[in-house]
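On the provided structure of chain L, position chain X with the ligands as indicated by the hints.
Protein sequence lines, in the order shown, are assigned to chains L and X.
The first sequence lines up with residues 1 to 222 when you count with this note's numbering.
The second sequence lines up with residues 1 to 146 when you count with this note's numbering.
Fair warning: there could be bad hints in the mix.
[Unchecked claim] Computed beta-carbon distance windows for the label pairs:
1) X:ILE79 - L:LYS106: 41 to 51 Å
2) X:LYS124 - L:GLN155: 56 to 66 Å
3) L:PRO201 - X:PRO41: 58 to 68 Å
[Unchecked claim] In silico lysine-lysine, DSSO-like type, Cα no more than 27 Å apart, as pairs:
4) L:LYS58 - X:LYS57
5) X:LYS3 - L:LYS40
6) L:LYS7 - L:LYS40
7) L:LYS7 - X:LYS84
8) L:LYS154 - L:LYS222
[Claimed, not checked] Covered, in the sense of this in silico footprint (three residues per stretch, anywhere, with C-beta under 8 Å from a C-beta of chain X), are these stretches of chain L:
9) 1-10
10) 87-96
In case anyone wonders, no lab produced these hints; they're calculated from the structure.
The structure presented is a predicted model; accordingly, all values stated were derived computationally and were not measured.
Heads up, the beta-carbon is just placed ideally off N, CA and C, and yes, glycines get one too.
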Amino acid sequence: MITAERKPMEELIECLRPYHRILLVGCNECVTVCSAGGRKEVGILSSALQMAFMKEGKTLEIREITLERQCDPEYIEELVTDISQAEAVMSMACGCGVQEIAKRFKEKPVFPAVNTSFMGASEQQGVWAERCQGCGDCVLGITGGICPVARCSKQLFNGPCGGSTTGKCEINPDIDCAWQLIWDRMKALGIEENYEKNMPPKDWRTSRGGGPRTIIREDLAK
Amino acid sequence: MEKFEPVIVAFCCNYCAYTAADMAGSKRLCYPPNIKIIRVPCSGKVDAIHIIKALEKGADGVLVAGCLEGDCHFKNGNIEASKKVTYIKNLLDEIGIGGERVEMVLMSAGMGERFAQTAIDITKKIRVLGPNPAKSFTPDKASNDL
Ligand code: SF4
Ligand code: SF4
Chain L
1 MITAERKPME
11 ELIECLRPYH
21 RILLVGCNEC
31 VTVCSAGGRK
41 EVGILSSALQ
51 MAFMKEGKTL
61 EIREITLERQ
71 CDPEYIEELV
81 TDISQAEAVM
91 SMACGCGVQE
101 IAKRFKEKPV
111 FPAVNTSFMG
121 ASEQQGVWAE
131 RCQGCGDCVL
141 GITGGICPVA
151 RCSKQLFNGP
161 CGGSTTGKCE
171 INPDIDCAWQ
181 LIWDRMKALG
191 IEENYEKNMP
201 PKDWRTSRGG
211 GPRTIIREDL
221 AK
Chain X
1 MEKFEPVIVA
11 FCCNYCAYTA
21 ADMAGSKRLC
31 YPPNIKIIRV
41 PCSGKVDAIH
51 IIKALEKGAD
61 GVLVAGCLEG
71 DCHFKNGNIE
81 ASKKVTYIKN
91 LLDEIGIGGE
101 RVEMVLMSAG
111 MGERFAQTAI
121 DITKKIRVLG
131 PNPAKSFTPD
141 KASNDL
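If we strip away everything but chain L, and leave its shape as in the complex, we get (with noise of 0.2 Å):
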């Protein structure tokens, strides 16, 4: 999932301070599992936001909705309405739905509620972790499914580095050694030759080195 951490009330209620009316925009996929951006935290948020222009003498009006996505048009057109009556946006789904809500109504501001953070998978209830970094070219099905890019914090494609120590990450020893896993992983797979094999310097150009990525389906596409 696309993980997201709600950003300080204090931004939040800086950016929302010209505005009387505004719709407060929740979605229903990632964010709503990673606890960032789905109803609930759009009832708590909007509490809180209320409860702090109350404070000042203000009375925000805030319109909650949650979309089932938010990063596809068919469902950023139900805002139509709702959002003829606001005056801005705030969406607490990931960048891309906060990028659609721009794109369709390009007349209201919108501003993000979240900080977009990783591609992760939660560890447990409560903690998600980092795991893929988009690169464009899997290489999980060497690595025995322990991805090199995203969790060693060197990106190093042959081996660990020198300051791998005791299954942990010289950079942070919070976190495991990406090596460390993929060794471990070989061995329990059977397939500790792949570590052998000198993995070529990794082509960047399917990942963020192209520029922004486009995926077309011929068969899909209109």
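Same frame as chain L, now just chain X with the ligands:
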């Protein structure tokens, strides 16, 4: 000036604080009527959203009361509740309402005195803090889809 009578919403676990409140009643213990009890099946049922909505709707303080440590009938509902309380306390501090308006307390079903004393203490504390600064205005919400 009129004496400020705070409204304090108390989310009480059915297995401890709610019964303790009942016990306080049968023992004829006096405690302030400012406490408005909401019975919940476990303090772990209380979520951040319930606490903040209570305050947004005009409560001056919120109490979450669960079983003593190790005594939760659902294993760790009380621990979960106290994490939610901490979360909301921090959020209230962030928006300048003050986290001290929300408290978590632990007690057993037999602690009628403890319930009464807690009610007295929190009422006193909220009285000193004064009315919820966000209370004087109740804006018409356009909608609330919760
Ligand atoms: S190798 Fe690339 S695509 Fe595969 S998990 Fe890592 S970053 Fe993601
Ligand atoms: S210790 Fe491991 S994870 Fe950290 S930078 Fe070195 S190889 Fe990568």
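Does L:LYS154 pair with L:LYS222 here, judged by a C-alpha cut-off of 27 Å?
It is violated: about 41 Å lies between the C-alpha atoms, which goes past 27 Å.
Given the hint that X:LYS3 pairs with L:LYS40, test it: the Cα-Cα distance must not exceed 27 Å.
violated, 36 Å
Hint says 58 to 68 Å; check whether the CB-CB distance for L:PRO201 and X:PRO41 agrees.
holds, 59 Å
Does X:LYS57 lie within 27 Å of L:LYS58 when you go C-alpha to C-alpha?
Since the Cα atoms of L:LYS58 and X:LYS57 sit roughly 16 Å apart, the hinted pair holds (cutoff 27 Å).
Check, residue by residue, whether the segment 1-10 of chain L contains three or more positions whose beta-carbon lies closer than 8 Å to a beta-carbon of chain X, and give the verdict.
holds (count 3)
For the segment 87-96 of chain L, do at least 3 residues have a Cβ located nearer than 8 Å to some Cβ of chain X?
Answer violated; 0 residues pass the 8 Å Cβ test.
Quick check on a hinted range of 41 to 51 Å for X:ILE79 and L:LYS106, using CB atoms only.
holds, 48 Å
Sort out whether L:LYS40 lies within 27 Å of L:LYS7, counting only the CA atoms.
OK: L:LYS7 and L:LYS40 at ~16 Å, within 27 Å.
Within 56 to 66 Å or not, the Cβ separation of X:LYS124 and L:GLN155?
holds, 58 Å
Hint check: L:LYS7 vs X:LYS84, CA-CA at most 27 Å. Holds or violated?
Roughly 18 Å between the alpha carbons, so the hint for L:LYS7 and X:LYS84 holds.
Hint check: violations occur at hints 5, 8 and 10; the rest are consistent with the structure.
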